[in-house]
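**Student:** Residue numbers (numbering that gives the first Met the number 0), protein chains in the order written: chain A, 0 to 425; chain B, 0 to 425.
Treat the hints with caution; some may be incorrect.
Identical chains share a label here; the pair holds if one copy fits it or two copies do between them.
[Claimed, not checked] Straight line, CA to CA, 35 Å or less: simulated DSBU-like cross-link-like pairs of lysine-lysine: (1) Lys273 x Lys177; (2) Lys232 x Lys177; (3) Lys273 x Lys49; (4) Lys343 x Lys177; (5) Lys49 x Lys343; (6) Lys232 x Lys222; (7) Lys85 x Lys232; (8) Lys343 x Lys222; (9) Lys222 x Lys273; (10) Lys177 x Lys85.
Don't read these hints as lab results, they were simulated from the structure.
2 protein chains.
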Amino acid sequence: MSASEQLSASNPIEAMAQRARVAALESARLDGGARRAALELMAAALEANKAQIAEANALDLSAAEENGVSGAMLNRLRLDEAGVVKVAAAVREVAAQDDPLGAVDDEVVRPNGLRVGRMRIPLGVVAMIYESRPNVTADAAALCLKAGNAVILRGGSEAFYSNRAIADAIRAGLAESKVPVDAVQLVGTTDRAAINTLLEQEEWIDLVIPRGGEGLIRAVTEKSRIPVLQHYKGVCHIFIDESAPTSLAAEIVLNAKVQRPGVCNALETLLVHKVAAPRVLPIIAEQLTADGVELRGCSDTVALLEGAEVGEATEDDWHEEYLDLILAVRVVDNMEAALDHIAKYGSSHTEAILTEDQSNGGRFVSAVQSSTVLVNASTRFADGGELGLGAEIGISTSKLHAFGPMGVRELTTRKFVVFGDGQIRT
Amino acid sequence: MSASEQLSASNPIEAMAQRARVAALESARLDGGARRAALELMAAALEANKAQIAEANALDLSAAEENGVSGAMLNRLRLDEAGVVKVAAAVREVAAQDDPLGAVDDEVVRPNGLRVGRMRIPLGVVAMIYESRPNVTADAAALCLKAGNAVILRGGSEAFYSNRAIADAIRAGLAESKVPVDAVQLVGTTDRAAINTLLEQEEWIDLVIPRGGEGLIRAVTEKSRIPVLQHYKGVCHIFIDESAPTSLAAEIVLNAKVQRPGVCNALETLLVHKVAAPRVLPIIAEQLTADGVELRGCSDTVALLEGAEVGEATEDDWHEEYLDLILAVRVVDNMEAALDHIAKYGSSHTEAILTEDQSNGGRFVSAVQSSTVLVNASTRFADGGELGLGAEIGISTSKLHAFGPMGVRELTTRKFVVFGDGQIRT
Chain A
0 MSASEQLSAS NPIEAMAQRA RVAALESARL DGGARRAALE LMAAALEANK
50 AQIAEANALD LSAAEENGVS GAMLNRLRLD EAGVVKVAAA VREVAAQDDP
100 LGAVDDEVVR PNGLRVGRMR IPLGVVAMIY ESRPNVTADA AALCLKAGNA
150 VILRGGSEAF YSNRAIADAI RAGLAESKVP VDAVQLVGTT DRAAINTLLE
200 QEEWIDLVIP RGGEGLIRAV TEKSRIPVLQ HYKGVCHIFI DESAPTSLAA
250 EIVLNAKVQR PGVCNALETL LVHKVAAPRV LPIIAEQLTA DGVELRGCSD
300 TVALLEGAEV GEATEDDWHE EYLDLILAVR VVDNMEAALD HIAKYGSSHT
350 EAILTEDQSN GGRFVSAVQS STVLVNASTR FADGGELGLG AEIGISTSKL
400 HAFGPMGVRE LTTRKFVVFG DGQIRT
Chain B
0 MSASEQLSAS NPIEAMAQRA RVAALESARL DGGARRAALE LMAAALEANK
50 AQIAEANALD LSAAEENGVS GAMLNRLRLD EAGVVKVAAA VREVAAQDDP
100 LGAVDDEVVR PNGLRVGRMR IPLGVVAMIY ESRPNVTADA AALCLKAGNA
150 VILRGGSEAF YSNRAIADAI RAGLAESKVP VDAVQLVGTT DRAAINTLLE
200 QEEWIDLVIP RGGEGLIRAV TEKSRIPVLQ HYKGVCHIFI DESAPTSLAA
250 EIVLNAKVQR PGVCNALETL LVHKVAAPRV LPIIAEQLTA DGVELRGCSD
300 TVALLEGAEV GEATEDDWHE EYLDLILAVR VVDNMEAALD HIAKYGSSHT
350 EAILTEDQSN GGRFVSAVQS STVLVNASTR FADGGELGLG AEIGISTSKL
400 HAFGPMGVRE LTTRKFVVFG DGQIRT
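Turn these sequences into a full structure, and let the hints steer you where they fit.
**Tutor:** Quick look at the structure:
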């Protein structure tokens with residue numbers, strides 16, 4: 000008896016979801032070695048098909064240019080042969096990670112002799128809905144398969160040909176492996192109705208991960224009957240405490256704001272203890288301005304930086320994720336005021352304190368309810384790779400299931416395993 | 000600056016959700032001792048108000064009787080003074096549990112010297128939507144508060160007066176504590192529109208837990224923009240392997256089916272290895288029948304139990320959660336066939352294997368993707384208390400966040416905490 004024989008689907012998306020469920024059940028029964036080998040075959044197939052993938056990408060690029068796309072957007076879409084080799088290398092890195100499955104932890108022996116533990120198992124079927132960058136097609140497939148899941152991929156129309164070529168290569172690699180080919184499926188249409196149908200397959204799909212702009216994530220959350228892992232905006236804060244050394248503060252603030260301003264873990268609002276402000280703010284402001292950063296300050300900041308080019312911040316600025324060379328700056332009375340500001344305006348993404356006072360560092364880390372909280376380090380470290388998770392499939396800003404950067408382990412769950420010798424309940 | 004001053008709500012439910020968020024942020028800044036003391040004050044207030052609560056319950060009981068409710072349903076609703084004392088004792092047990100918050104684990108030191116760990120923190124605001132049993136009002140409040148959360152409670156109309164009296168007592172207890180009173184709020188209307196409004200407060204509420212019938216859970220899942228923890232049906236299986244001792248098998252099957260047939264971890268389908276079937280089935284069938292259990296068997300079962308009263312099982316029986324003294328029985332060729340049956344008909348709740356073969360036990364535990372998998376023990380142990388979690392707030396049958404029985408820890412999440420000495424990203 001094969002589960003697939005018993006299934007009947009009323010439309011192609013439902014049929015795809017059912018095939019994914021069957022593939023996930025088969026994958027879950029394999030051992031870690033088989034999954035690792037499958038990922039290595041996937042990587043080899045990507046390399047073997049690099050010319051075809053680059054050709055497909057050229058079709059997407061010229062369509063994008065015809066539609067007036069240019070600059071950074073066009074670069075995000077570009078994937079040449081050397082780029083495909085890098086994508087394959089990233090798949091091999093995921094393959095080399097420890098098997099996340101099967102380990103049992105939190106073991107206890109109950110008074111009646113039952114041995115109880117929690118075993119890590121796959122989630123099942125994951126649907127990824129994403130925009131732009133075609134490398135996500137391979138990254139997401141590798142992470143989901145490493146965790147024993149099946150994945151349904153629905154990329155954006157702008158990368159239609161690239162995604163199809165990458166998925167074809169991946170499936171060709173899987174065909175040589177023990178992992179079923181249908182563990183990786185690409186929705187082969189850019190029809191938006193297909194997404195809505197996908198989001199109704201709660202019987203077959205366990206998790207939806209949207210990756211893209213806030214509009215995409217809100218639309219998916221609104222429509223989905225399946226749990227959604229959300230990655231909303233990052234309004235990240237640094238609080239410069241009274242005792243923060245000037246040079247450390249300047250270096251970290253500059254790094255957090257300037258090194259890559261367009262990403263979610265870049266600094267957006269700087270909070271400065273009023274005692275430290277006269278010492279650190281003029282120096283930091285000078286360096287930021289030299290790097291082309293526009294400053295928008297509270298009235299104390301404007302007064303302190305008299306003569307410098309500082310705009311007056313409005314209430315809207317405290318809410319803003321600029322993703323650009325703009326920084327909001329506010330002088331606060333003390334750490335409690337900084338905590339209040341973050342609780343009110345923060346997005347629960349990433350915040351840092353710069354301080355020499357260990358007890359303040361500890362208090363800040365405990366009190367801030369954000370997914371990553373740092374002491375004396377740049378907010379830019381809020382990243383799965385930097386925090387030691389290996390590659391990341393996203394950064395969750397909702398607290399359910401996973402909070403913050405998500406790696407392979409965050410694509411698993413745990414079941415209770417219980418060993419007895421005849422125990423019954425009385 | 001107080002966050003509550005800044006809030007403006009367009010309706011009472013939104014205002015309630017905003018107050019809960021403020022209370023949750025305040026609770027999260029308290030230490031474990033303050034939360035424990037608050038729970039003890041809650042318990043004392045329940046005891047002090049036991050007469051008022053029992054009186055309120057009498058109003059609900061007479062309304063229910065007028066509506067024709069009787070028997071088990073009426074008993075579920077009943078809460079006399081002695082019952083309130085038990086409810087208070089349950090709150091004290093939760094109070095006595097270890098503080099789940101603040102511990103840091105999974106610590107690593109990155110090559111750049113960053114020390115990275117994961118600290119356990121509250122989820123924030125939990126909404127419980129439940130039917131019947133008024134003790135859930137106190138249990139849910141205690142579990143949520145122990146984990147540092149605020150909770151919004153919306154009980155069923157049948158327990159309206161009881162729930163209000165319990166919530167009033169709890170809030171009176173909290174008023175003596177450091178935990179804000181608004182950490183526990185009861186939706187004071189049985190208007191169904193209030194639920195829909197509640198499910199739209201994704202900005203203020205982090206998790207919804209519906210507890211009740213499948214209709215309630217589906218309706219909440221359909222409407223909610225907030226993550227929902229689902230507790231669907233339990234079609235629980237026991238597989239009697241070739242080597243299972245007869246007496247152990249008979250005792251466990253009887254316990255799993257008969258001890259409390261109306262609950263989600265009761266046995267619904269028995270699978271028997273064809274070699275063991277002639278040895279164990281006649282004995283088990285005789286004991287079950289003597290206890291009033293109706294058997295519905297596959298054709299092999301019917302043939303084996305010739306003469307006994309066994310109905311012919313239909314395809315529908317394999318899907319059924321009877322919650323009654325009925326058992327579906329199927330003879331299977333081997334363990335793989337049992338695994339296939341469970342994958343196809345199971346509800347991912349709880350399954351057990353009875354075997355003397357340790358390797359089969361291990362394989363079954365690994366292969367079955369259900370929230371609790373047992374070897375040589377009754378399915379009735381799939382329960383937070385029995386598995387050592389303390390009291391449970393529900394049993395999740397979806398794999399996101401928590402899978403299986405959920406205790407206090409499952410009402411928390413983890414954030415990344417990072418300690419550096421000036422690291423920047425290059």
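**Student:** Give a verdict on every hint.
**Tutor:** Hints, verified against the model:
Taking the shortest alpha-carbon separations for Lys273 and Lys177, only the inter-copy value of 30 Å comes in at or below 35 Å, while the best intra-copy value is 62 Å. Taking the shortest Cα distances, Lys232 and Lys177 sit within 35 Å of each other only across copies (33 Å), while inside one copy they are farther apart (39 Å). For the homomeric pair Lys273 and Lys49, neither the shortest alpha-carbon distance inside one copy (56 Å) nor that between copies (53 Å) is at most 35 Å. Proximity of Lys343 and Lys177 under a CA criterion of 35 Å is satisfied inter-copy only: 21 Å between copies versus 51 Å inside one chain copy.
In the homo-oligomer, the alpha carbons of Lys49 and Lys343 never lie at most 35 Å apart, since the shortest distance is 48 Å inside one protomer and 40 Å across protomers. For the identical chains of this complex, Lys232 and Lys222 are neighbours both inside a copy (20 Å) and across copies (24 Å), given an alpha-carbon limit of 35 Å. For a Cα distance limit of 35 Å, the shortest separation of Lys85 from Lys232 inside one copy, 28 Å, qualifies, whereas the shortest one across copies, 46 Å, does not. Proximity of Lys343 and Lys222 under a CA criterion of 35 Å is satisfied in both settings, with 28 Å inside one chain copy and 27 Å between copies.
Neither within a single protomer nor between protomers do Lys222 and Lys273 lie at most 35 Å apart by alpha-carbon distance, with minima of 46 Å and 47 Å respectively. For the identical chains of this complex, Lys177 and Lys85 are intra-copy neighbours only, at 25 Å inside a copy versus 55 Å across copies, given an alpha-carbon limit of 35 Å.
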